[in-house]
Amino acid sequence: NAGVTQTPKFQVLKTGQSMTLQCAQDMNHEYMSWYRQDPGMGLRLIHYSVGAGITDQGEVPNGYNVSRSTTEDFPLRLLSAAPSQTSVYFCASSRQGVNTGELFFGEGSRLTVL
Amino acid sequence: KQEVTQIPAALSVPEGENLVLNCSFTDSAIYNLQWFRQDPGKGLTSLLLIQSSQREQTSGRLNASLDKSSGRSTLYIAASQPGDSATYLCAVRPGDSNYQLIWGAGTKLIIKP
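Protein chains in written order, with the numbering used here: chain F, 1 to 114; chain C, 115 to 227.
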């Protein structure tokens, strides 16, 4: 059971570089989301999608882009990395938004921006 | 704006003790509250979901309660074991959002053998 798969697990970038964090789920979930987790703070929602072709902004969307061309994949793009984007990023999916409690998380991607 | 707080940030107890983790929120207008577990280097695992109309939920040795009027939830762990060592996070779904959760920063729990 693959569940939610995130790649890469670790990444170091220089300021101004761009990169894409990959997220894939094999559970046919309609809802997918990206969070960032910073020390001493709760998770914060970056972007989410309720189905292929539909995305929306969360609490902290600036500096990030997403797309949802298939049900399975929900990549997160950093357009021009900044040190403030150093964080651990989590992708999560569920069958029906955040109502059911069945929110499945990937193992995270630790990003350092120098 | 909804805020979620978990105190203490860290807790260490001997194996076998019953313990309570706390979660407080500032706005009682919530749809539900969830408790998650996070192991080091891993993702989060959903433990319990309490709808706003419910008072508590139970799963094995875990019991979560919800008091909306006081803005509090507790996670009770019975007969703690070293395998319970993890960070426990609570999250609320605000009443005005279909897809966003507001998270606490978590309580890091260490169970000493």
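Incorrect hints may appear among the rest.
The calculated EDC-like cross-link candidates involving lysine to aspartate or glutamate, where the alpha carbons are at most 20 Å apart (straight line), are [as the list claims (entries may be wrong)]:
#, chain 1, residue 1, chain 2, residue 2
1, C, Lys226, C, Asp181
2, F, Lys9, C, Asp153
3, C, Lys222, F, Glu107
4, C, Lys182, F, Glu107
5, C, Lys156, F, Asp56
Below, a sample of chain F positions facing chain C; criterion: calculated Cβ distance under 10 Å [claimed, not checked]:
#, residue
6, Asp26
7, Tyr64
8, Arg68
Simulated restraints, written as ranges between beta carbons of each label pair [said to hold, decoys possible]:
#, chain 1, residue 1, chain 2, residue 2, range
9, C, Gly155, F, Met41, 14 to 24 Å
10, C, Asp210, F, Met41, 15 to 25 Å
11, F, Ile54, C, Asp210, 15 to 25 Å
Hints are computed from structural coordinates only; laboratory data are not their basis. Backbone N, C-alpha and C define an ideal beta-carbon position, used for all residues, glycine too.
Here's how the hints hold up against the structure:
1. C/Lys226 x C/Asp181: 30 Å, violated
2. F/Lys9 x C/Asp153: 15 Å, holds
3. C/Lys222 x F/Glu107: Holds, at roughly 18 Å.
4. C/Lys182 x F/Glu107: 32 Å, violated
5. C/Lys156 x F/Asp56: 26 Å, violated
6. Asp26: F/Asp26 check fails; min Cβ-Cβ to chain C is 15 Å, beyond 10 Å.
7. Tyr64: 16 Å, violated
8. Arg68: Hint violated; F/Arg68 Cβ to chain C Cβ min 14 Å, cut 10 Å.
9. C/Gly155 x F/Met41: 14 to 24 Å: Holds - the Cβ-Cβ distance for C/Gly155 and F/Met41, about 18 Å, lies within 14 to 24 Å.
10. C/Asp210 x F/Met41: 15 to 25 Å: 22 Å, holds
11. F/Ile54 x C/Asp210: 15 to 25 Å: Since the Cβ atoms of F/Ile54 and C/Asp210 sit about 20 Å apart, the hinted range of 15 to 25 Å holds.
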